[in-house]
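Protein chains in written order, with my numbering: chain A, 8 to 423; chain B, 8 to 423; chain C, 8 to 423; chain D, 8 to 423.
Keep in mind that the hints were calculated from the coordinates and are not lab data. Each hint should be verified, as a subset may be incorrect.
Remember, identical chains collapse to one label, so a pair may be satisfied in a single copy or spanning two.
[Said to hold, decoys possible] Lysine to any residue pairs mimicking SDA-like chemistry, simulated, CA-CA at most 25 angstroms apart:
| # | residue 1 | residue 2 |
| --- | --- | --- |
| 1 | Lys181 | Phe48 |
| 2 | Lys413 | Pro157 |
| 3 | Lys20 | Ala38 |
| 4 | Lys413 | Asp401 |
| 5 | Lys295 | Ser47 |
| 6 | Lys295 | Pro409 |
4 protein chains.
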Amino acid sequence: MPEVLFPLDSTKKFTEQVLVGHNRWHPDIPAVATVRPGQSFRVDCREWFDGAIHNDDSADDVRDAPLPIVHALSGPFSVSGAEPGDLLVVDILDVGPIPQETGPLAGQGWGYTGIFPKQNGGGFLTDYFPDAYKAIWDFSGQQATSRHIPGVTFTGMIHPGLMGTAPSAALLAKWNQREGALRATDPDRVPPLSLPPLPDGAILGSLTGADFDRVAAEAARTAPPRENGGNQDIKNMTKGTRVFYPVYVPGANLSLGDLHFSQGDGEITFCGAIEMGGFIDLHVDVIKGGMTTYGVSENAIFLPGNVAPQYSQWLAFSGISVTTDGEQRYLDSQLAFQRACLHAIDYLTKFGYSPEQAYLILGAAPIEGRFSGVVDIPNSCATVYLPTAIFDVDVRPSAAGPTRIKPGASAPKSTF
Amino acid sequence: MPEVLFPLDSTKKFTEQVLVGHNRWHPDIPAVATVRPGQSFRVDCREWFDGAIHNDDSADDVRDAPLPIVHALSGPFSVSGAEPGDLLVVDILDVGPIPQETGPLAGQGWGYTGIFPKQNGGGFLTDYFPDAYKAIWDFSGQQATSRHIPGVTFTGMIHPGLMGTAPSAALLAKWNQREGALRATDPDRVPPLSLPPLPDGAILGSLTGADFDRVAAEAARTAPPRENGGNQDIKNMTKGTRVFYPVYVPGANLSLGDLHFSQGDGEITFCGAIEMGGFIDLHVDVIKGGMTTYGVSENAIFLPGNVAPQYSQWLAFSGISVTTDGEQRYLDSQLAFQRACLHAIDYLTKFGYSPEQAYLILGAAPIEGRFSGVVDIPNSCATVYLPTAIFDVDVRPSAAGPTRIKPGASAPKSTF
Amino acid sequence: MPEVLFPLDSTKKFTEQVLVGHNRWHPDIPAVATVRPGQSFRVDCREWFDGAIHNDDSADDVRDAPLPIVHALSGPFSVSGAEPGDLLVVDILDVGPIPQETGPLAGQGWGYTGIFPKQNGGGFLTDYFPDAYKAIWDFSGQQATSRHIPGVTFTGMIHPGLMGTAPSAALLAKWNQREGALRATDPDRVPPLSLPPLPDGAILGSLTGADFDRVAAEAARTAPPRENGGNQDIKNMTKGTRVFYPVYVPGANLSLGDLHFSQGDGEITFCGAIEMGGFIDLHVDVIKGGMTTYGVSENAIFLPGNVAPQYSQWLAFSGISVTTDGEQRYLDSQLAFQRACLHAIDYLTKFGYSPEQAYLILGAAPIEGRFSGVVDIPNSCATVYLPTAIFDVDVRPSAAGPTRIKPGASAPKSTF
Amino acid sequence: MPEVLFPLDSTKKFTEQVLVGHNRWHPDIPAVATVRPGQSFRVDCREWFDGAIHNDDSADDVRDAPLPIVHALSGPFSVSGAEPGDLLVVDILDVGPIPQETGPLAGQGWGYTGIFPKQNGGGFLTDYFPDAYKAIWDFSGQQATSRHIPGVTFTGMIHPGLMGTAPSAALLAKWNQREGALRATDPDRVPPLSLPPLPDGAILGSLTGADFDRVAAEAARTAPPRENGGNQDIKNMTKGTRVFYPVYVPGANLSLGDLHFSQGDGEITFCGAIEMGGFIDLHVDVIKGGMTTYGVSENAIFLPGNVAPQYSQWLAFSGISVTTDGEQRYLDSQLAFQRACLHAIDYLTKFGYSPEQAYLILGAAPIEGRFSGVVDIPNSCATVYLPTAIFDVDVRPSAAGPTRIKPGASAPKSTF
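Bound conformation, chain A alone (with noise of 0.2 angstroms):
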């Protein structure tokens, strides 16, 4: 086992730690080790929202989620003689859960998947579902099942949901005036068009006094990828897996976090994935001026790893980016998406789940979003595939109609 250079003690809140991290993007927050090229070593995680969604029967903590200490993010880890320019080479060499006892923190041999009430943070498919939702689902090795959604079993894909590299201060300039630009359109909307800075609930390190203040009203939240990376929700991004940043800080700052045991393509219900602690081991190198060698001057390119589980059969549900409502959207892929999850929710209620419980699944499990035609003028076409073998019963359609699951389970609702 590599050495841990960040480690998390699951009884204390993350600002208690020995050594701090962070929950926005900024250059200046300080390294909390140096690494070199080369080296290998363990970081530990806390699960996003620092122990506030507990394993019980009750979506509250859902409803009143703190969106403002997101992404509780391990790091920086400066790695010696890395320069704007290069790119980080970081190889995930292992991620799992936190491997101690049963306990209280999500990571300690179970996680969650929320559906976020409109009014905070929303979600993929929120004008449908506005409420507040949660389902805890227990691991059981590699596998994950809930109580909260019966006949569903699958293997979990783990990985790190947001990974990156600290921007520079212009690239950070950048952000703010485009995302600010954009909220600037519609400062009402609900959910927000973009999140601006926030010093509220920022933890910035071991920054204090002035600096912390001048950087908690720059710093980026944490929620949007962008070039550095970022919260890309990539649910391939497991054990095995090569990924190439570009650095536009001395030293790089590679910061990391949001674990999950697994996730479906596109995260769709915002906490969509299976949420959890845990630890991760890292092998960093560096490829000097590699940015501008292989044209990577933004937004992570990876290799990823070759043992993802194996399924051979799905049951794929397409799309087109024509609204609920009949109205024609020109080429709009984002739409076509919803539509296909929307076709896959509608179909998984006949084999006798709730809908809010297939939204659950379509985050949570190891779905595959793909795009399909985006071309033919007015429709983007979009499918989604689920893999038959997760479902204690056969989902495919038949002459002989669905097999109703049992009834009984249901995924909790916040209460109002």
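Please build the complex by placing chains B, C and D on the supplied structure of chain A, with the hints as guidance.
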């Protein structure tokens, strides 16, 4: 080999065959044959431009491609007993190129991929690639190579780009209404926002006279995918696939065409697949009342076959919903996928490919395009995966830098 | 489609064709055609018994199968420039059943699997299955089903069971010597220990007269695999495979045949594959001096294609090298694999299959047979893996007990 | 993490632990714990030689390896309610190396593969490799590399080499009888034909005194796989696998050990896997009367997990049942597999590996060993498949000839 219900003579035009197909969607196009549930049959298919694109080194034919005549569709096939509300079950038993001698028709041992010019069809990246280009691919059994794109070989996933049932009159009216409404918002746009009915070039099976004129004036173009399936361009709909289509008219009236030897997710160069004529063996069945039973009132659902070529190493690129001009868009997966594709193209140029060659590879090779994060405001994240084994050289990033392909070959560009 | 260098007319016997192949190995059998390195060409293949086995419900044809006439091989093809010491590179571009109408010849939409009687060929488990049985399989595109074995459907992995280069005179003499020496140890055994040259039934291409008689007296039977490749029955040698054969005579003299629609590892019922006639498209090349360069002086090496059907769930059985009478043998993987297969057969009978049906399934379906421990004295361990998805019922063990298939169908048994 | 029912302290010998396991099979070895059907629990496992093999550059420890003390097994675990005639259902929830700091015990970040000398264990090719060699493998997350074998990296398929239920007294007697009878046919053979009970070195859990002596005199060695499962060395029995074992004694008395980080089919160097200590999480259940219901009276059946590393390109070698001296044997798959492995070894030496390095690779890497033709008298055909991606250089044959690995590293050989 099942009985050939729709034969095509490769030496004759699509309109000069014993049975004439169609290139518009309309409920009143007469069926060319009636099949019973449980029946297997073979259908010949003509490449979508009916021979207008040639196996040569000029892209002028792509520049001038006769869009009004697409897609040359085989059918409709009426399925006895199928009624509106049923699901039509279509098994793709086999599909392949024209199994005769080498010749001048795409499918006769070769196929083509075109970058369509902005003035005539455009494509996913038409703002960056406004001119016409072409690549000819030669088939060697299951594999494709191109004299216009060196150093690339891949295994075909042969599939019909277009298959679907006839719309009802009401559904057709809805299409015309909504697509017209969109077009009306910017009627002079190039490329247009949608395509109106177009009597010019219409082929409507055995219809003649006043019936022909009436139907030609109403019938929908075949380019976009819609509720009836249609031009979905799903590369995984290959041999062994079972598709379930909604039935909107008595007999279902299944039509199909636009065979592809291979295609990347998205078919991004518009004519991004390797286009060809060929044959397809189908088996049909009916699930009575299946649209209600399974909640499938629109858009095909399907079980992909299990014989796709296996690639175990992929090089992936990511993109977010920020334009190349730096403008922030809100959760736009269409844009994010464009950016991911542009990143892949930039990358491949470092190995010696021209941007157009790289664009053509992404259209034709079995690349995977996936939705990654779609909920993290304001950025959607999309990813595109290239199988590394299709390249003769090692395309993975390394400290040694890229190995350049042999120079020389180039993709033909049209004159002006 | 490449040029057909060896055409077969399905309405005529193998010996009545324009070009006549052969059914023995000998360096002096003249080539039917000469091809150059880099050339692609099509070869028609006759099923191994040249039409003696019929699409009916009697196994008498299997009981009386004319073993002296096997295998009907297409070739030899001389490769210009190939010399002893080279490696012949053979790409299997495509392979499939006879692409014409349904008919009485195996390959014309159907194929067969036989359990050969102990008196006429025997098989892997002939001591347990001494009588003749037959199953007819119908092809539906890529898939096979049998009216004699209910509840099983699988995707074919079409491949040539037999392909190889001609032996040199010295190599042929070695074969005859060593196989004769083995036979001499128990000359009256049934089945025999090996098969001597047999002029009766020999087909030797264009040879006639004294040459025919001399070669017929010396030529080796084609049943066993040997240094030149030959009847290896490797189910993974399917489309996209590249094989490297040692060259023993000028021109290499490649021959092939014994096409299988599908086969389980081991081809355990002797005629365990689904036998058929068909076509194969080949591309050949030469690595000069490759036998020494790569240390490949005997037995083919190969790169399997990447389009095998994918199954992600398997039910596996194990066996050890103890006989059914309880006798301990020393590290005998042949016996261990027999025991594993017998365990699989016993198991399948609990679901309603007859032992013969189960045996036929193991021969014809894409089962995997693997060496497990081979070093732990005194027991070798072998394992056999059945893809669960080929069965209509769930064949996994459970507390509920096995679901029995619908009774009725049975595999025909020969009369006596 | 499930409760640890069998903990091991890495700083202490196997016999000095709080709970002591065993290294022989006997029905009277007392259970270390009782579990109930439906229970999950963790078991620590010691590497099979209990620390006798070191992380150094000498193979003397392999030469002198204390075979009488193998295998260090954890257990037995009694399952409440399990009775003879039942099937014990064992799910492998998780399995991995010792999850603590780096240290001197195999599993603490490293493992070993040995070629055992003919005088002390031997191996599959001991007639060709009579001396002792060793390779140390370092674990980097899921991947293994060796300072003794350059240019090879592969993903581990961690699995228990040995797992099984206790034999009944009658079954044990049968083992001793049949193995003794075999041994009696050539009692002085080196290596021996089988291993008799051996009180020297026996570890029998909590047994003492006369009970110890009686059991030690009767108990079976653990090297061979037998009816109860045992040392099957099945590389696919990894995470997610469900195994069904016959139950021969009340409580079933499950034991296990011999963890492997990786192994090739056959484990051909005897200690061919990468040996290590570690942990395994199990879930057990019982199918009452399952042995009769499913016809499984001996030898485990299992459903492999779905998370094995995926390799899509393989280089395969074939062999037939002719000895290297040219003697023809009758349908001997053991010999055919030896010849296939020897061909692979010869081939790899052309790339710069020593024969011993190649042999060690075949033992430790995830190679596949398959039965090909097993019925074509007199030759069995066996094939061995190497994933090409595990090598740093391209190991496919080409006209350019082999690329040699960097010289320097070698596998340590023992002194004499």
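Status of each hint after checking the structure:
1. Lys181 with Phe48: The answer is neither: 32 angstroms in one copy and 52 angstroms across copies each exceed 25 angstroms.
2. Lys413 with Pro157: within (7 angstroms within a copy, 30 angstroms between copies)
3. Lys20 with Ala38: within (20 angstroms within a copy, 42 angstroms between copies)
4. Lys413 with Asp401: both (13 angstroms within a copy, 19 angstroms between copies)
5. Lys295 with Ser47: within (19 angstroms within a copy, 46 angstroms between copies)
6. Lys295 with Pro409: between (57 angstroms within a copy, 13 angstroms between copies)
Going through the hint list in order, the structure does not satisfy hint 1, though it satisfies all others.
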